[in-house]
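Respectively, the protein sequence lines represent chains C and A. Numbering of the first sequence is given in my numbering, commencing with residue 1 and proceeding in unit increments. Numbering of the second sequence is given in my numbering, commencing with residue 1 and proceeding in unit increments.
Just so you know, these hints were derived from the structure itself, not from any lab. Glycine is no exception: its CB is placed at the ideal position from the N, C-alpha and C atoms. Treat the hints with care, since some could be wrong.
[Stated by the list, open to error] Distance ranges between label pairs, derived from CB positions:
{"hint": "1", "chain 1": "C", "residue 1": "Asn-54", "chain 2": "A", "residue 2": "Asn-51", "range": "29 to 39 angstroms"}
{"hint": "2", "chain 1": "A", "residue 1": "Asn-51", "chain 2": "C", "residue 2": "Lys-52", "range": "47 to 57 angstroms"}
{"hint": "3", "chain 1": "C", "residue 1": "Met-10", "chain 2": "A", "residue 2": "Asn-57", "range": "30 to 40 angstroms"}
[Claimed, not checked] Residues from chain C shown here face chain A by an in silico Cβ test under 10 angstroms; the list is partial:
{"hint": "4", "residue": "Met-10"}
{"hint": "5", "residue": "Ala-13"}
{"hint": "6", "residue": "Tyr-34"}
{"hint": "7", "residue": "Tyr-36"}
{"hint": "8", "residue": "Gln-38"}
{"hint": "9", "residue": "Ser-41"}
{"hint": "10", "residue": "Gln-42"}
{"hint": "11", "residue": "Gly-43"}
{"hint": "12", "residue": "Gln-45"}
{"hint": "13", "residue": "Lys-100"}
{"hint": "14", "residue": "Leu-101"}
{"hint": "15", "residue": "Phe-103"}
{"hint": "16", "residue": "Gly-104"}
{"hint": "17", "residue": "Gly-106"}
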Amino acid sequence: DAKTTQPPSMDCAEGRAANLPCNHSTISGNEYVYWYRQIHSQGPQYIIHGLKNNETNEMASLIITEDRKSSTLILPHATLRDTAVYYCIVRTSRAGTASKLTFGTGTRLQVTL
Amino acid sequence: DTAVSQTPKYLVTQMGNDKSIKCEQNLGHDTMYWYKQDSKKFLKIMFSYNNKELIINETVPNRFSPKSPDKAHLNLHINSLELGDSAVYFCASSLLGDYNEQFFGPGTRLTVL
Chain C
1 DAKTTQPPSM
11 DCAEGRAANL
21 PCNHSTISGN
31 EYVYWYRQIH
41 SQGPQYIIHG
51 LKNNETNEMA
61 SLIITEDRKS
71 STLILPHATL
81 RDTAVYYCIV
91 RTSRAGTASK
101 LTFGTGTRLQ
111 VTL
Chain A
1 DTAVSQTPKY
11 LVTQMGNDKS
21 IKCEQNLGHD
31 TMYWYKQDSK
41 KFLKIMFSYN
51 NKELIINETV
61 PNRFSPKSPD
71 KAHLNLHINS
81 LELGDSAVYF
91 CASSLLGDYN
101 EQFFGPGTRL
111 TVL
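For reference, chain C alone in the conformation it holds in the complex:
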């Protein structure tokens, strides 16, 4: 699985959009970009994943650059409850196999009033 690079920390004002970048310059054609987050003292929570098209769900949007070497997770209206460590994970997806998530150090997002 390709390595990812994320800033160690970011701040965001409540109500504003939080844009969390991830660099994955060695990503290969069959590797997906996944985002999970871990709110303090809780288990990680899946947010979203994508291959090359932009994706949106009820939690967030995922923007993947055309060359797929980087992506941005967007929380459109951050709230205090979004304060967490956000992990960008790149991995190959194969049907019929178990998923071995490899977590890096992530980005600690602090949402402030």
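Since the structure of chain C is provided, determine the placement of chain A on it from the hints.
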């Protein structure tokens, strides 16, 4: 309607003891996992079971023995506990298939004195 549950939430024990952590999921998933998060917050996979069969076994000391009585349960037994085993242990589950999101339990904080 807890999805993935773990017991106990906290476990404090002496070095050399044997202890177990239990995990249950009611999501109808066929694959379960154990992850370890150490004091530096690095989260690493330990084991994965699919339909009671071991399918992922990372380099984990053989003092750790997972047991899956059925596909809804994956317990972790640890023999001869050591100081370095102190960590938060997370159970997770998913459907088999590398692209399927994993659902994590609340974690068990193990402290070895």
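Subject >> Hints violated by the structure (listed by number, smallest first) >> reply: The structure conflicts with hints 2, 4 and 5, although it agrees with all the remaining ones.
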